[in-house]
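J.: The residues making up each chain are set out below.
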Amino acid sequence: MKDMASDHKILELKNLEKRFELDKGFLETLKLRGGRLVREKREVHAVNNVSLSMERGEALCVVGESGCGKSTVARLVAGLLEPSAGEIHYDGERIDNKSRHEMLGLRKKMQMIFQNPYASLNPRMTIQQALEEPVRYHNPGLGRSGVKDKVEAVMKSVGVDPSWATRYPHEFSGGQRQRIAIARALTVDPEFVIADEPISALDVSIQAQVLNLMLEAKDERGLTYMFITHDLSVVQHFGTRVVVLYLGSICELADTATLFESPKHPYTKALLSAVPQLQDDKPSHIRLKGEIPTPINLPTGCPFHSRCAFADKRCMVEKPRPMQQPDGSLVACHAVEEDRLDT
Amino acid sequence: MSLLSVRDLSVKFAMRDQTVTALNHISFDLAKGERLGIVGESGAGKSITGFALMNLLSRPGFIDSGSIHFEGEDIVQMSEAQMRTIRGNRMAMIFQDPMVTLNPVLTIGQQMVETLQAHRKLSKAEAEQIAIVKLREVYIPSPEERLGQYPHELSGGMRQRIIIAIALLLDPELIIADEPTTALDVTIQADIMELLLELCQSNKVGLILITHDLGVVSQMTERTLVMYAGRIIEAGRTREIINDPQHPYTQGLINALPQQTLPGQRLKQIPGNMPGLDAVPVGCPFAPRCQFAVDHCRTTLPELVRYGDVEVACHEVNRLHETRTEDQSA
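Those protein sequence lines, which keep their order, are chains A and B.
Just so you know, the working numbering puts 46 at position 42 of the first sequence, and the rest follows in order with no gaps.
Just so you know, the working numbering puts 33 at position 45 of the second sequence, and the rest follows in order with no gaps.
A portion of the hints provided could be inaccurate.
Said to hold, decoys possible - Derived list of chain B stretches under chain A, where covered just means 3 residues or more per stretch with a C-beta under 8 angstroms from a C-beta of chain A:
1. 232 to 242
2. 245 to 252
To be verified - Residues of chain B clear of chain A, computed beta-carbon distances all greater than 12 angstroms:
3. R(-5)
4. M66
5. Q105
Calculated directly from the structure, the hints in this document are not laboratory data.
Just so you know, even glycine gets a beta-carbon here, dropped at the ideal spot from N, CA and C.
Hey, can you work out the whole structure from these sequences and the hints?
T.: Put into structure tokens, the structure is as follows:
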């Protein structure tokens, strides 16, 4: 709507935080501690002080293991969750404090694709109905034939035969359903697409089809993607930049090529080494000690220190801040900063 | 003599209005201590193969024909009572989701002791001692305490380690692992796979690893079967299959991986979907998706035949191989 918008970053997250309360009611907050009744509220710290910005036309991949907060970040950006602290700016405009009503205009620009296409398509709506709904909603002026043309064009663009429009979601295969879910996101001509593990539930040959479709949509429509995934081989292929999250904090943020060529954070290194490669004849990876700590009681200092082979006293007390590296990447690690990692 | 010898095994499912074939005349052997990978996409018949080997198929599925010789005895002909002495004892299975495999209302200790006592005359204390040894083998910290814990108190990676410990309890000769790490994170997957490999090698346990991940197969197995629509379409040494696949489907599967294409380029996708079991085409089941298919492929089913060092079910394998070699030398 604003032409001058292009000089703004399309998305900016400033010190974003999200905590989920575990003990909601008064009674749940009562705990017995050493024979005394105390009030105590536990919280899951899902996203901690995440700041990043995205340029138009890039594909930022958010990676990390289960519980690292990557889906929460996606949901915060899409406005499906409210941040506990921090700001989200879209196109130079602060959006996290907007009402649902004010967000509606933005929904047209920002669409989301989820992991399970069967859950995101209404089983009692035909594909035609499912695809028409957003078009009608966001383009009230469009006539009946206009809507129909639009739906047909989008179906063709994702490789689903428009004559199947009268069918229901269960009549399609998983790959087709995901393509329809993508079509549904594209019907309103968004500029920003958040994809939360869009191909994780699909088979390898189908994954390639869906990824290609998303790449085509990117080139043809100039889309900007925020791509949430745990699959690093996909990241290398799809992303222009990558942000690695661990326990809700940024470990490393870098251009894809830089990250894969010279990962710096010890966690990024371990993560990359764990991906099984076709040429491997035995598992070879950096073994991390222990397990991911619970996000209820975050470790003090660096969130990764309990599993890091390079952790020292400073790591245990002081949380590292993301620091710019000579090659442009941002790394939050004291050991990298002090140059005491042996590479 | 091989540990396991499967001949012409067919599994069918009796549906209300028709009977569909889920496994179609598959044959393979597994030597003692050998590690075999079964790869393919959902619906190819990988898991059904695993279930059939354990004789765990339940209605509407049934073994229609064929034999499964485990150390010379045919499992297909065994009674349920005979089978029970083998299952969990001499051959064990590891499933994808540890939370489904473990009983949520029994402690880890109870489940391990129960398994041991079902097959051996042991006191509870003796059984617990064995359980602790096995838990230590899979690197579970403070195993004595874990015995008293319930599955929900443990993390996903820890649960899957316990499943492996239970599978190893009775020193089986064969472990069938069906997507054992699909539900886990990559770093934990790497740990579990390394552990499984180490245990199989040190105890000379045979392994059948069912997975969709070619990288995992490459790391873990010596031989590989590639399945498509209920049939084996390529079989041979893992290295050969990954480095020089002969069947167009295997090639497609490997080429579709993002690693095989330069970043940002279009991936080499295989068009279409695997046929449903009720609509497997006559001729080669892959023909409708195969860019090399000729008339012959659409009418006659290719047999699995030896080609070089591997076995391939493709009429055109000769022609395709020659064209590839020419392309490479050109």
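J.: Each hint needs a verdict: does it hold in this structure or not?
T.: Checked hints:
1. Given as covered by chain A, the stretch 232 to 242 of chain B passes the check, having 3 residues with a CB less than 8 angstroms from a CB of that chain where 3 are the minimum.
2. For a cut-off of 8 angstroms, the count of residues in the stretch 245 to 252 of chain B with a CB near a CB of chain A stands at 6, and the three-residue condition holds.
3. In this structure R(-5) (chain B) is separated from chain A by more than 12 angstroms, as the shortest Cβ-Cβ distance comes to about 29 angstroms.
4. Every CB of chain A is more than 12 angstroms from the CB of M66 (chain B) (nearest about 34 angstroms), matching its label as outside the interface.
5. No Cβ of chain A approaches the Cβ of Q105 (chain B) within 12 angstroms, the least distance being about 31 angstroms, so the stated non-interface status holds.
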